[in-house]
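Peer 1: Got chain A sorted already, so can you dock chain E onto it with the hints?
Number of protein chains: 2
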Amino acid sequence: MKVSEFGERALVELARRTFKRGPRIKVGIGDDAAAIDIDGRYLIVTTDMLVAGTHFPHGTTAKQMGIKAVIVNLSDIAAMGAAPLALIFSVGLPRELDVDFVRRMIRSMDVTARRYGAYVVGGDLDETDDITIAGAAFGLAKKGQLLTRSGAKPGNVIAVTGQLGAASAGLKILLERLPPKGYEKLIKAQLEPIARVREGMLLAKNGARAAIDLTDGLAANLWQVSRMSKAKLIIDRYKVPIHPLVNKLSERHGFDVEEFAFFSGEDFEMLFTLRRDIWEKVRRALKRIGTDATAIGYVSKGRGVYIQKHGTLEKLPDRGYEHFK
Amino acid sequence: MKVSEFGERALVELARRTFKRGPRIKVGIGDDAAAIDIDGRYLIVTTDMLVAGTHFPHGTTAKQMGIKAVIVNLSDIAAMGAAPLALIFSVGLPRELDVDFVRRMIRSMDVTARRYGAYVVGGDLDETDDITIAGAAFGLAKKGQLLTRSGAKPGNVIAVTGQLGAASAGLKILLERLPPKGYEKLIKAQLEPIARVREGMLLAKNGARAAIDLTDGLAANLWQVSRMSKAKLIIDRYKVPIHPLVNKLSERHGFDVEEFAFFSGEDFEMLFTLRRDIWEKVRRALKRIGTDATAIGYVSKGRGVYIQKHGTLEKLPDRGYEHFK
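Residue numbers (the numbering used here), protein chains in the order written: chain A, 210 to 534; chain E, 210 to 534.
Hints are not guaranteed to be accurate.
Remember, identical chains collapse to one label, so a pair may be satisfied in a single copy or spanning two.
[Said to hold, decoys possible] Using 25 Å as the maximum straight-line C-alpha spacing, the simulated DSS-like pairs for lysine-lysine come out as follows: (1) K397 - K352; (2) K229 - K272; (3) K272 - K211; (4) K235 - K351; (5) K490 - K414; (6) K272 - K362; (7) K235 - K362.
Keep in mind that the hints were calculated from the coordinates and are not lab data. Predicted, not measured: the structure shown is a model, and the values here were computed from it.
Excised from the complex, chain A in its bound form (with noise of 0.2 Å):
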């Protein structure tokens, strides 16, 4: 069979039964990032690959990859509550490239990474047909104060942080050549993003336990969260807070302004779960950082995602994340 009628999911779902587990491994393959022991803490590591072709949009300034090579990295880091220490960077570079492009490219980097405590410290060249950025990020976490996947609990609080869709409207302005005036917010967020690494620190020292990054979109995000927390998380539909500048958008051009919010990704913000008691205190202190978090609805017990609108329940559709298309 081939990879593209297997699917990405079966092939980490392979990936995961093939690779062994060691004992310092805390968390591996299937969650944002991977923890291992190694004594008093936990390093954790991940890597994420970007190919010019497939995730830049065209005319994606150096500048701007630069950044998204870093935020998609940081911000794996950021989901598992950790404090970011530093990156390494395989890169491919096509041999006709301007030497400046590369110029920019990695002082880019350099300073975003800075932005988040986290320093480059090495890397690899190649020659490739298209730019590929294959970038790892490290970072320490404490013990006992672990965001996961798999963290849910029946009771709990479920939030976000800001505010949805923004980013994968700015991709359908690019892609579609849509006027962008009025909507530089929702290009900046697709190509300049930020990773929610203060947060996700703030998350995991205040007490809350199970947080994914939101990459595929909220509800391929929930169902990951629903499938590695083996329980049933039920959404009010009114309650996801999204981007006003992506209804607006969306009322224009008649767009489904849940194509956006609930089925598109690289909003970069984060979903996280928490007890019912402890939300309250939690809100408040993202808000003293400048950072607005919703609850957008709760845990129980079960299996699935469930939206709540106008007093029906339905299934939210998982439509996944396939990179092979």
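Peer 2: This is chain E only, laid out in the frame that chain A set:
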């Protein structure tokens, strides 16, 4: 200027100047791997990217790709004197690739990693035209026991493990479709290399302070040590241990032995320097774990790499290690 004109060495220098060093960063860009101070010890991190068309000779099996992807990364951990912990892989796959190929490749990654006490703990999947494997490896090293490219001191003995030239002679056989009979060991050295992990740890523990793994060829790797250590390296041509089958192959086909042993890479043997008074003890300790090591020269004050041949001393050419040719 194009990347191909600028050259790999200049790109590495550009990266070295661009990326700021954080307070925890003991060793940054320019060595085999980076070393990050995490209280009490060093976290060692490295990344290497392999692209099917460039790095794997035609006919390389899935199993062999898995071996090589693990070994190129663990060899860098070994060259720092660290104990391997874990690996992660970002893998790009063509959509037409057979899933069985992937199954065999990742099984081989798992088996190879565990042979060295390491575990594959995570990854990322993407669609690419050519199979692309970007790996990152992590290890731990004790403080005061790091092996670096900058640790060579005047008076040190220069030594190598094993016998040189086998991997590149094996590649020559494959590329030029020479009769393989009798040379199976050379082909195996190319397609199924080993990493000198136990040797690196032994060297670190027993007082060696400089090492580099032989990936770019003896000459280029000697030059890297000379530059980073700000020292002069003097090599005795007739002490360099050349694989007997490399001599035999070269004699039969009229090849230049030095092309294989000095100017071609991927032997993944350890090149190291250490104080003269501990050399014999270390040589015997390596022997006890089954590894031959040979003194091939010494470190002196000054700069550059020189080779003694029939009583004359000449500069060894540095042909570098360019991927952009």
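Peer 1: With reference to the structure, classify each hint as holding or not holding.
Peer 2: Each hint tested on the structure:
1. In the homo-oligomer, the alpha carbons of K397 and K352 never lie at most 25 Å apart, since the shortest distance is 36 Å inside one protomer and 44 Å across protomers.
2. In this assembly of identical chains, the alpha carbons of K229 and K272 lie at most 25 Å apart only when taken from different copies (17 Å versus 39 Å within one copy).
3. Proximity of K272 and K211 under a CA criterion of 25 Å is satisfied inter-copy only: 18 Å between copies versus 36 Å inside one chain copy.
4. In this assembly of identical chains, K235 and K351 lie within 25 Å of each other by CA distance both inside one copy and across copies; the values are 12 Å within and 23 Å between.
5. For a Cα distance limit of 25 Å, the shortest separation of K490 from K414 inside one copy, 12 Å, qualifies, whereas the shortest one across copies, 50 Å, does not.
6. In the homo-oligomer, the alpha carbons of K272 and K362 never lie at most 25 Å apart, since the shortest distance is 41 Å inside one protomer and 41 Å across protomers.
7. In this assembly of identical chains, the alpha carbons of K235 and K362 lie at most 25 Å apart only when taken from the same copy (19 Å versus 41 Å across copies).
This entry does not satisfy hints 1, 6, going by the numbered hints stated previously.
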